[in-house]
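Generate coordinates for the entire structure from the input sequences, incorporating the hints supplied.
Residue numbers (my numbering): 1 to 601.
It is possible that some hints are incorrect.
[To be verified] In the DSSO-like style, the derived pairs of lysine-lysine whose C-alpha atoms are separated by at most 27 Å in a straight line are:
1. Lys-335 x Lys-509
2. Lys-86 x Lys-316
3. Lys-110 x Lys-316
Hints listed in this document are in silico derivations from the structure and should not be mistaken for laboratory results. Values in this document were obtained by computation on a predicted structure and should not be read as measured data.
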Amino acid sequence: MNNKQFFPFERNRYYVGKLLTSADFQAEQTYMGNKRRFLNEMLFGEGVVCGLGVYALDDVSLMIESGVALDSMGRELVLDRSVVRKLSAIDGFEALESDCVSLCLRYEEKPEQPVYTVNRRDQEEYEMNRLREGVSFLLLDADKTALPVQPENEFFSRMQLYADADYAVELSIPAFIPCGSRVRMTLTVTKQSDRTLPFSMECVLQSPALTAEDETHETKITVVDAMLAEGERIVRQVWLTAQQRPAQDSVIIAEPGRVDIRLAGQRVQISEKMTVRAVIEQTDAEAIIERELGRVSLENREMAAGDTYIRLAELKLQRTQNNCMIESVQESGVKQYVRTNVGEAQRRMLRTYYGSQDAAPVIVHTAEPTEQTEHMPAAPREPLFATGLCEIPLNREAKPGRVFYSDEIMHGLGKGDVFVSLGFEYLSEDPKTNQMSRSIIYGNTDLFADEQTPVPKAELAIKVMSDRGSFMVAAKMLEETTNALLMLRWMAYKIPAAGDKLESDLKGKRIAAMPPTIVMGTRDSRYFNVRFHNMEPCTLTYTLTEKGSGEITTDGVYTAPAREGVYEIRIACTDDPLISTYAYAVVKKNTESEDEQSEEK
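Quick look at the structure:
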């Protein structure tokens, strides 16, 4: 039943005295299987139905949870129990060319139960009596995995404003618009070559049946000195409002004299007037969407079917000379889920935990109704928190009564009122495992005196600079100690105020390290640059995520430690610490510099 063609649907026609052969029974199975898979494909699509979570057990092993998925042919992919797989034992591992790979699931059939056959004229004495349906795993380079293709439809009306070997400019808008509703118009600039060529554009579009935000019928879109790599795009989006009465032939007009395109400072002439058409009709958006999706032909849906594997996760690999290790496992944004009716009741219940700007306020009725209604108080905002290590150097004069101070520490939660808690951090041998373990004592260390913890007794105080987004620590020694450092673990908490930005306010804004990974020698210094997406450049805070991973300045200049390894640097916006990213330094021994030093000696 490993067929890829559903049509035509043919089933057995039974009649008295019919002679049934193996071909008839195969036709019966094929008909029932094709019908079921056809309905799966048409009604549900492809993706994960449930389960199939992916976790890294160690550097070279993955665990895949049990679950169910549907592939692009409507076949059921059932993993009945959780399995563990070595990375090197998964199909496709030897052919990988990059460090970013996709773990995929695919349908597989295996013949089982050999039985003796009779009345055979060939040399085969045994045949397999069963076909067991199962799954197998596959590793593919992430840039070679095919993303699901949406079937073509007539939902958008498009117009190409400009195109050459280097750049293409396209304008698109929904072809059907409800009367009086807002609609999004999109202008996309795509780089089509690898030439370094700055692009600028100033375009004024006229829309007689739609109005812009300023209630005029003109919209101005600008792009200034864009430097794009091949395949990169710039997207400009504008919201328009349709008129209240229907219009069967409304247009958006681009006049030649009002489209100014410049390539490397040279103006490009646009000689023809261009229009994009849309229909304004007396209906609602849901009706338009359902109609346009339903109009897609069966042939278009079949041509849009993707590959027969299901992407489960994206793996970041770290390669060494003799091994390949799993650095991270990313499922979010990779898995595509199938929406089923069986979970609709639970889906509605879970949706109540998320609010929206358009949601109606909850009204509480008292025992005796009054003219005024009482609204539920706003839900408390989740606190923000950050943590890190504070090291206070001690000297030989660390005697009782002496006070030592830390440097100013940026907690990364921005300006405002922040609560900071301190604890004494130390390493000690765990008697149960006979291994060194990390412990933190918050509060009075005397209460753990029986454990003989290597923590000097000190009285602590914290000074929070609310307007600077930082704090300092003072430690007054209560007894003499020989420790060279006072190791403190700090935790900072902040309750967002009404005007503070939350995750919903920061949607679409992000930063990215350029490049995200740098290979460098020991004790070398490199600068981590940052690209801002959908936001203006802002002040950044650079922090190292673990002790002994080098040094980094407030300007982002990183100095590698003396030992090899992979070290992580967290980069966050100082005023909006929820906007953050991570960069990685792969530190290797600089053999050339070491040879030069040895020759000098």
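Hints versus structure:
1. Lys-335 x Lys-509: Status holds; Cα separation ~23 Å.
2. Lys-86 x Lys-316: Roughly 15 Å separates the two Cα atoms, so the pair holds.
3. Lys-110 x Lys-316: Violated: Lys-110 and Lys-316 sit about 31 Å apart, past 27 Å.
Figure legend: structure checked against the earlier numbered hints; the only hint not met is number 3.
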